[in-house]
Each structure stands twice: as structure tokens, then as C-alpha cells.
Amino acid sequence: MSHSQLDMLTGLARDARDKAGKLLAEERQTQQQTEAQLQSLSRYRVEYAERLQKAMRDGIDPATMYNYQQFLASLDAALSRARQALVAQQKRVQQSQQHWQQEQRKLSSYDTLTSRRLSEEHRRQERYEQKSSDDFVTNRLARQPNDKAH
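For the sequence shown, my numbering begins at 65 and goes up steadily by one.
To be clear, the hints were calculated from the coordinates, so they are not data collected in a lab. Think of the CB as a built atom: it goes at the ideal place given N, C-alpha and C, for glycine as much as any other residue. There may be inaccurate statements among the hints.
Claimed, not checked - Straight line, CA to CA, 27 angstroms or less: simulated BS3-like cross-link-like pairs of lysine-lysine:
1) 83 x 155
2) 86 x 195
3) 170 x 155
4) 83 x 170
5) 83 x 195
Said to hold, decoys possible - Pair by pair, the computed Cβ-Cβ distance ranges are:
6) 90 x 133: 35 to 43 angstroms
7) 75 x 101: 38 to 46 angstroms
8) 147 x 117: 20 to 28 angstroms
9) 147 x 180: 46 to 54 angstroms
10) 75 x 161: 39 to 47 angstroms
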């Protein structure tokens, strides 16, 4: 694999990892919003149930009581849907997390290959420089006149 191919694959892997990271951040934000909606609905349900209890203590006509009960039932249904939405969103967050991790592993693999290639090139360059230096010294020594001959 050539340098440019590895660089291109590394760049594509980095882009894919970054895209997966953005999606993960969006999914987490949506989960937080879903949790906040569920909490708001839960608080409202408690407050409304307390109002019904107070109205019952103070005396309430049957039609108003029926309306309270119907509204509480609709709040319960909304809470159930919100809980289901939260579970589904948590699953999406988990899937996005796994996808991001997969993309990160792929990028790490390419980074490792790049690092190994650079290390090998560095070792090759050091060997070349050492050989050049050795050749230079050998040639210089070979060109020096032999002092013993004089």
C-alpha cells in the first residue's frame, strides 16, 4: 500500500469517526431532552394528582372528578409513551456509541500502520546514513597512502 493510499484511508477513517462522533453527540442530546420531557411530565402528573386530592377533600362534583381522572389517564398514557421513547433513544445512543468505537478502532489501525511505516522508513534512513558513513570512511582510508611503505 502506498503512502498516499494509506494517508487517504486514514483521512477517510478520521472523517467517518468524526461523523460518528457528531451523531453520537446528537443522540445523547436527544436523550437528555427526552429525559427532561419525561421528568416534566412526571412532575406535572404528581401536581395534577395533588390538585385532585385537594379538590376531593374540599368536595368535588362527579363531572369534575371524571374530567380530572380522564386527564390523569391521558397523562399516564403520555408518560408511558415518553418512557418508551426514552428506552428507544437509549438504544440509539448505545448503537451510536458502538459505531463510534468501531470507527475509532479502524482509525487506530490505520494510525498504527502509519506509525510502523514511519518507524521502518526511519530505520531504513539510519541504515543508509550509517552505510554511507562507513563507505566514506572506508574509501578515505583506502585512498590514504600507506605509511609503512615509506
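Range first: 46 to 54 angstroms. Now tell me if the beta carbons of residue 147 and residue 180 are that far apart.
About 50 angstroms separates the Cβ atoms of residue 147 and residue 180, which means 46 to 54 angstroms holds.
Please verify whether residue 83 and residue 195 have alpha carbons no more than 27 angstroms apart.
violated, 47 angstroms
Verify the proposed pairing of residue 86 with residue 195, using a straight-line Cα cut of 27 angstroms.
With Cα atoms ~50 angstroms apart, residue 86 and residue 195 exceed 27 angstroms; violated.
Holds or violated: the 38 to 46 angstroms window for the beta-carbon distance between residue 75 and residue 101?
holds, 39 angstroms
Range hint 20 to 28 angstroms: satisfied by the CB atoms of residue 147 and residue 117?
Holds: the Cβ-Cβ distance is about 24 angstroms, inside 20 to 28 angstroms.
Is the distance from the Cβ of residue 90 to the Cβ of residue 133 consistent with 35 to 43 angstroms?
holds, 39 angstroms
Confirm or reject the claim that residue 75 and residue 161 have a C-beta distance inside 39 to 47 angstroms.
violated, 23 angstroms
Restraint check for residue 170 with residue 155, where alpha carbons must lie at most 27 angstroms apart
With Cα atoms ~23 angstroms apart, residue 170 and residue 155 stay inside 27 angstroms; holds.
Take the C-alpha atoms of residue 83 and residue 155, compute the straight-line distance between them, and say whether it is at most 27 angstroms.
Cα-Cα ~19 angstroms, so holds.
Could you grab the alpha-carbon distance between residue 83 and residue 170 and see if it respects the 27 angstroms cut-off?
holds, 14 angstroms
Hint check: violations occur at hints 2, 5 and 10; the rest are consistent with the structure.
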